[in-house]
Structures are given as C-alpha cells and as structure tokens.
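J.: Chain residues, written in single-letter form:
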Amino acid sequence: AQTVTQSQPEMSVQEAETVTLSCTYDTSENNYYLFWYKQPPSRQMILVIRQEAYKQQNATENRFSVNFQKAAKSFSLKISDSQLGDTAMYFCAFMKRASGTYKYIFGTGTRLKVLA
Amino acid sequence: SAVISQKPSRDICQRGTSLTIQCQVDSQVTMMFWYRQQPGQSLTLIATANQGSEATYESGFVIDKFPISRPNLTFSTLTVSNMSPEDSSIYLCSVFDGYEKLFFGSGTQLSVL
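First to last, the sequence lines map onto chains A and L. Using my numbering, read the first sequence as starting at 1 and increasing by one per residue. Using my numbering, read the second sequence as starting at 1 and increasing by one per residue.
Everything labelled a hint here was simulated from the structure, so no lab data went into it. Be aware that one or more of the hints could be misleading.
Unchecked claim - A few chain A positions that, by computed beta-carbon distances, are all more than 10 Å from chain L:
#1 Met11
#2 Ser28
#3 Ile46
#4 Lys55
#5 Gln69
#6 Lys78
#7 Ala116
As the list claims (entries may be wrong) - In silico contact screen, one side only, chain L against chain A (beta carbon under 7 Å); selected entries:
#8 Ser42
#9 Leu43
#10 Thr48
#11 Gly52
#12 Phe75
#13 Ile90
#14 Glu100
#15 Leu102
#16 Phe104
#17 Ser106
Each residue gets a CB set at the ideal place from its N, CA and C atoms; glycine is no exception.
Using the sequences plus the hints, can you model the full thing?
T.: See the structure below:
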C-alpha cells in the first residue's frame with residue numbers, strides 16, 4: 001500500500017526567506033502523480049503544485065518549486081520569498097489510477113508559519 | 001478549475017441528530033469525493049459519489065452512517081447520521097477535473113455536542 005510521510009509537523013520561516021518542506025512516499029507504482037496542497041485557516045484546500053512521475057523536470061509555479069527525486073521517493077516543496085499569506089497547513093499527496101477511479105493519499109501535513 | 005460551493009460552512013449539532021451537507025459544482029464533473037478531516041489530522045476518503053448509482057465507500061465507512069446522494073453531475077449531498085462527538089470533523093467535498101487535479105470545496109466544520 002502507498003504511504004505518504006511528512007516528517008516535519010511544524011515549521012516557521014521569516015518573511016522573504018526560503019523554506020523547504022519535506023515529503024517522502026512509498027509505492028511500487030511507476031506511473032503516479034504528486035501534489036502539494038495548502039490549507040489556510042479558512043479550511044479551503046488549495047492546489048499549490050503538481051508533478052507527474054514520468055517527468056524528470058521539477059515543477060515550478062511562481063514562488064513554489066519542487067525537488068522530485070523519484071529513485072529516493074522524495075518530493076519536497078520549496079517556497080521562495082515567503083509571504084505572510086503562505087501561513088497554512090501544507091499537505092503532500094500521492095495519486096494513482098486504480099480500478100477506474102483515482103486514489104489520493106495525503107500526508108499528515110506540515111504547519112508552516114511565516115513570521116513578520 | 002472547478003468552483004465548488006459547500007453548505008453549511010459550519011454547524012453545531014446535538015448527539016443523535018443528522019446533518020446533510022451540500023456540494024454544488026459550477027460545471028459537470030464525473031468524479032466527486034467526500035473526505036473527512038478530524039481535528040489536527042490528515043484527510044481520509046469517506047466515499048466516491050457516483051452519478052446515478054450508489055456511492056462507493058472506503059473501508060471503515062458505511063452507507064447507513066454516511067448516506068450520499070448524487071442526482072446529477074453537478075450536485076451531491078453527504079449526510080452524517082445519528083451523530084456522536086466522534087463525528088466532529090471537517091467534511092470536504094472534492095471533484096476531479098479529469099486532468100489529475102483534485103479541487104476542494106471550502107469544507108463544513110461540524111461540532112457534535
């Protein structure tokens with residue numbers, strides 16, 4: 001069975017600095033997708049970034065980028081120029097197609113606080 | 001991306017009662033899912049809401065406790081029945097956009113006294 005592990009329950013970073021959130025996963029699949037979601041206090045889950053396992057190039061979305069190491073099964077999120085609005089819970093997620101549907105598995109989350 | 005409206009945003013309920021949560025999407029979607037997020041925890045899939053047929057429940061969740069309706073491709077409801085304090089959670093509706101992306105509603109914060 002697939003598992004997703006986020007080993008950092010809480011992190012903090014100074015505004016304008018860079019922070020990296022860790023995520024590791026375990027799977028025997030070759031084709032899958034990885035995601036980072038952000039959940040601010042408003043509870044809304046917001047998709048931050050997506051990575052296809054078959055792509056070697058790391059995904060980038062503005063200030064957000066990932067370091068995808070397929071062999072190591074590692075998928076970290078780097079936030080550059082951190083802003084106060086980045087304060088949120090961040091969830092790493094794994095997705096694969098299975099039995100006609102799509103199975104998502106979420107990590108336990110990392111609570112990030114951006115300090116002014 | 002799909003716009004998902006979820007109601008109510010929060011509710012406080014008495015033990016033994018039921019609450020129905022509504023999820024409305026601004027476009028037709030094939031797959032809709034219901035998740036539970038217990039306090040301080042990650043997301044757990046309750047069921048996949050299938051249009052025109054019975055929902056597919058994950059292990060540990062049963063239809064009698066969490067009946068789901070999906071009358072069309074833009075709407076679904078989740079009922080939390082015979083509630084107990086252990087049902088206090090955030091309940092999230094989500095939809096799959098067909099491009100490997102999952103979008104979420106704003107969630108329903110449920111507290112059971």
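J.: Quick check on the hint: Phe104 (chain L) CB to chain A CB, less than 7 Å?
T.: Where the cut-off is 7 Å and the nearest Cβ of chain A is about 4 Å from Phe104 (chain L), the hint holds.
J.: For Ser28 (chain A), which was marked as not at the interface, is the minimum beta-carbon distance to chain L over 10 Å?
T.: Fine: 19 Å to the nearest Cβ keeps Ser28 (chain A) off the interface.
J.: For Gln69 (chain A), is the shortest beta carbon distance to chain L beyond 10 Å?
T.: Non-interface label stands for Gln69 (chain A): nearest chain L Cβ at 20 Å, farther than 10 Å.
J.: Is the nearest Cβ of chain L still more than 10 Å from the Cβ of Ala116 (chain A)?
T.: At about 25 Å from chain L, Ala116 (chain A) clears the 10 Å cut-off, so the statement holds.
J.: Once the shortest beta carbon distance from Ser106 (chain L) to chain A is found, is it less than 7 Å?
T.: 5 Å, holds
J.: Hold the hint about Phe75 (chain L) up to the distance rule: shortest CB distance to chain A must be less than 7 Å.
T.: For Phe75 (chain L), the interface hint is violated, since the closest Cβ of chain A sits about 19 Å away, which is over 7 Å.
J.: May I ask you to test the interface hint for Leu102 (chain L) with respect to chain A, counting a Cβ-Cβ separation under 7 Å as satisfied?
T.: At 6 Å from the nearest chain A Cβ, Leu102 (chain L) passes the 7 Å test, so the hint holds.
J.: Min Cβ distance, Gly52 (chain L) to chain A: is it shorter than 7 Å?
T.: 15 Å, violated
J.: Just want to verify: Lys55 (chain A) was marked as not at the interface with chain L; is every Cβ pair farther apart than 10 Å?
T.: 12 Å, holds
J.: Measuring from the C-beta of Ile90 (chain L) to each C-beta in chain A, is the shortest one below 7 Å?
T.: Given a least distance of 6 Å, the restraint on Ile90 (chain L) holds.
J.: Using 7 Å as the Cβ threshold, decide whether Glu100 (chain L) counts as touching chain A.
T.: Constraint on Glu100 (chain L) satisfied, holds at 5 Å.
J.: Hint Thr48 (chain L) vs chain A: min CB-CB distance below 7 Å?
T.: 6 Å, holds
The earlier numbered hints that this structure contradicts are 3, 11, 12.
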